[in-house]
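Each chain, written out:
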Amino acid sequence: QSALTQPPSASGSPGQSVTISCTGTSSDVGAYNYVSWYQHHSGKAPKLMIYEVTKRPSGVPDRFSGSKSGNTASLTVSGLQAEDEADYYCTSYAGNNILYVFGTGTKVTVL
Amino acid sequence: QVTLKESGPALVKPTQTLTLTCTFSGFSVTTSQMRASWIRQPPGKALEWLARIDWDDDILYNSSLKTRLTISKDTSKNQVVLTMTDMDPADTATYYCVVGFSSSWYFDYWGQGTLVTVSS
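Chains as they are written, first to last, in our numbering: chain A, 939 to 1049; chain B, 4 to 123.
The shape of chain B in the complex, shown without the other chains (with noise of 0.2 Å):
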């Protein structure tokens, strides 16, 4: 069974640095194929995808948020981390991890999310 997990604080000051971390079960992030994202979607605002990475290390990001946004993977731990600095209020959101296992653009599997604030 395939399940995704994120974490993270879920109050943060402006300027700061955001660090999230998804942590999978059911199948390795060396899987062939596995691509993770993050996405984040704001109260009332529509789904914003951020990030992704893929199985073989290759590396993709929103060019809006290009400068903010570094995503790496711990195959170690299982995990995909994603940190992205300089928080704003406006960063405020939902953060998802998820995870699609072809070379197709769509996700299989969604975590619950993490609502983190920005606020001082």
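Bound conformation, chain A alone (with noise of 0.2 Å):
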């Protein structure tokens, strides 16, 4: 099982935009539009913030987006705030024996 690939960093400043990139395989993301996205603030739950791709939850601010192109999901913060500034993990469906598979998570600072 091969965890997908995301930059370990990920950085900018309060109001620019980060985009983060979430590399799978022809296997698991590029696949499925199963591709979903967490926030995770330390000692604290991870939060769903996009799930099938495009997608937002109630909720979670439209300064959040994501997409896919072949095998690559990205998620883009658009207008930085402080609280922004957690880490994020991607997760993709990937058939049916392991079902899910995870990013090696990107933590993004807010400058």
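No lab work stands behind these hints, which were simulated from the structure alone. Don't take every hint at face value.
Here are the simulated distance ranges between beta carbons [as the list claims (entries may be wrong)]:
| hint | chain 1 | residue 1 | chain 2 | residue 2 | range |
| --- | --- | --- | --- | --- | --- |
| 1 | A | S996 | B | S106 | 17 to 25 Å |
| 2 | B | T34 | A | S964 | 33 to 41 Å |
| 3 | A | S996 | B | D91 | 35 to 43 Å |
| 4 | A | S996 | B | T22 | 28 to 36 Å |
| 5 | B | S28 | A | P999 | 24 to 32 Å |
| 6 | A | G981 | B | Q36 | 27 to 35 Å |
| 7 | A | K993 | B | D59 | 21 to 29 Å |
| 8 | B | Q115 | A | G1033 | 28 to 36 Å |
| 9 | A | N1035 | B | T88 | 17 to 25 Å |
| 10 | B | T18 | A | S964 | 35 to 43 Å |
| 11 | B | S67 | A | G968 | 17 to 25 Å |
| 12 | A | G968 | B | I62 | 24 to 32 Å |
Taking lysine-lysine and the DSS-like style, the derived pairs with C-alpha atoms no more than 30 Å apart in a straight line are [to be verified]:
| hint | chain 1 | residue 1 | chain 2 | residue 2 |
| --- | --- | --- | --- | --- |
| 13 | A | K1045 | A | K1006 |
| 14 | B | K48 | B | K8 |
| 15 | B | K8 | A | K1045 |
| 16 | A | K993 | B | K80 |
| 17 | B | K8 | B | K80 |
| 18 | A | K985 | B | K80 |
| 19 | A | K993 | A | K1006 |
| 20 | B | K69 | B | K48 |
| 21 | B | K16 | A | K982 |
| 22 | B | K48 | A | K993 |
| 23 | B | K69 | B | K16 |
| 24 | B | K69 | A | K985 |
| 25 | B | K80 | B | K69 |
| 26 | B | K69 | B | K8 |
| 27 | A | K1045 | A | K985 |
| 28 | B | K48 | B | K16 |
| 29 | A | K993 | A | K982 |
| 30 | A | K982 | A | K1006 |
| 31 | A | K1006 | A | K985 |
| 32 | A | K1045 | A | K982 |
| 33 | A | K985 | B | K8 |
| 34 | A | K1006 | B | K48 |
| 35 | B | K16 | B | K80 |
| 36 | B | K48 | A | K1045 |
| 37 | A | K982 | B | K69 |
| 38 | A | K982 | B | K80 |
| 39 | A | K993 | A | K1045 |
| 40 | B | K48 | A | K982 |
Beta carbons: idealized from backbone N, C-alpha and C, even for Gly.
Work from the hints to combine the two standalone chains into their complex.
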């Protein structure tokens, strides 16, 4: 089972945008529109931010958006705010044996 | 308000069996389309999905760990329980309970996680 590849870190100043990539394979990210993204502040429960590649749950600001091209999904945070500083993880459905595969995680820093 | 709380031992010895309990509030484990999973994250490593039990008792396991895992639910206590046999130091991780409420492939809510260390 191979993890999805994310950059270890990303950063931006308040108000700027940051985009996090999530690269998988044609067996997971590329095969299904079931990529989701989670925000994790240390010591707290991770929170669903994006599901099914582009959909936002109720209550998630529209500053958060998702997309996918081929085997790579992306999460964009526009208009960065201090509270966006957290770890972000992607997940994809990966078929019958593994079901879910996760990204390596990206630490977003607001400068 | 949906909350999930993991509980279990912080320390287990090699070869022992780990039992983790997830207690839910804000919904019933019999809620239609409820899917409860366990996920773990070893220190410095990626998250790994372990097992899932659905509202209708359908059960799925990570094929690489299937022989060591058992997931079950207790409707009277509104809990899901995971047991993992033959624990090894490589199983040291933070274990998360997560839940989804659709037939899709994502997790609506997570618990805060519980750190389990395997050491003699």
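Here's how the hints hold up against the structure:
no.	hint	verdict
1	A:S996 to B:S106: 17 to 25 Å	holds (18 Å)
2	B:T34 to A:S964: 33 to 41 Å	holds (35 Å)
3	A:S996 to B:D91: 35 to 43 Å	holds (41 Å)
4	A:S996 to B:T22: 28 to 36 Å	holds (35 Å)
5	B:S28 to A:P999: 24 to 32 Å	holds (26 Å)
6	A:G981 to B:Q36: 27 to 35 Å	holds (30 Å)
7	A:K993 to B:D59: 21 to 29 Å	holds (25 Å)
8	B:Q115 to A:G1033: 28 to 36 Å	holds (29 Å)
9	A:N1035 to B:T88: 17 to 25 Å	holds (20 Å)
10	B:T18 to A:S964: 35 to 43 Å	holds (40 Å)
11	B:S67 to A:G968: 17 to 25 Å	holds (22 Å)
12	A:G968 to B:I62: 24 to 32 Å	holds (28 Å)
13	A:K1045 to A:K1006	holds (20 Å)
14	B:K48 to B:K8	holds (23 Å)
15	B:K8 to A:K1045	holds (25 Å)
16	A:K993 to B:K80	violated (33 Å)
17	B:K8 to B:K80	holds (13 Å)
18	A:K985 to B:K80	holds (25 Å)
19	A:K993 to A:K1006	holds (12 Å)
20	B:K69 to B:K48	holds (20 Å)
21	B:K16 to A:K982	holds (27 Å)
22	B:K48 to A:K993	holds (27 Å)
23	B:K69 to B:K16	holds (21 Å)
24	B:K69 to A:K985	holds (27 Å)
25	B:K80 to B:K69	holds (25 Å)
26	B:K69 to B:K8	holds (24 Å)
27	A:K1045 to A:K985	holds (15 Å)
28	B:K48 to B:K16	holds (21 Å)
29	A:K993 to A:K982	holds (23 Å)
30	A:K982 to A:K1006	holds (28 Å)
31	A:K1006 to A:K985	holds (20 Å)
32	A:K1045 to A:K982	holds (15 Å)
33	A:K985 to B:K8	holds (15 Å)
34	A:K1006 to B:K48	holds (24 Å)
35	B:K16 to B:K80	holds (28 Å)
36	B:K48 to A:K1045	holds (14 Å)
37	A:K982 to B:K69	holds (29 Å)
38	A:K982 to B:K80	holds (24 Å)
39	A:K993 to A:K1045	holds (22 Å)
40	B:K48 to A:K982	holds (18 Å)
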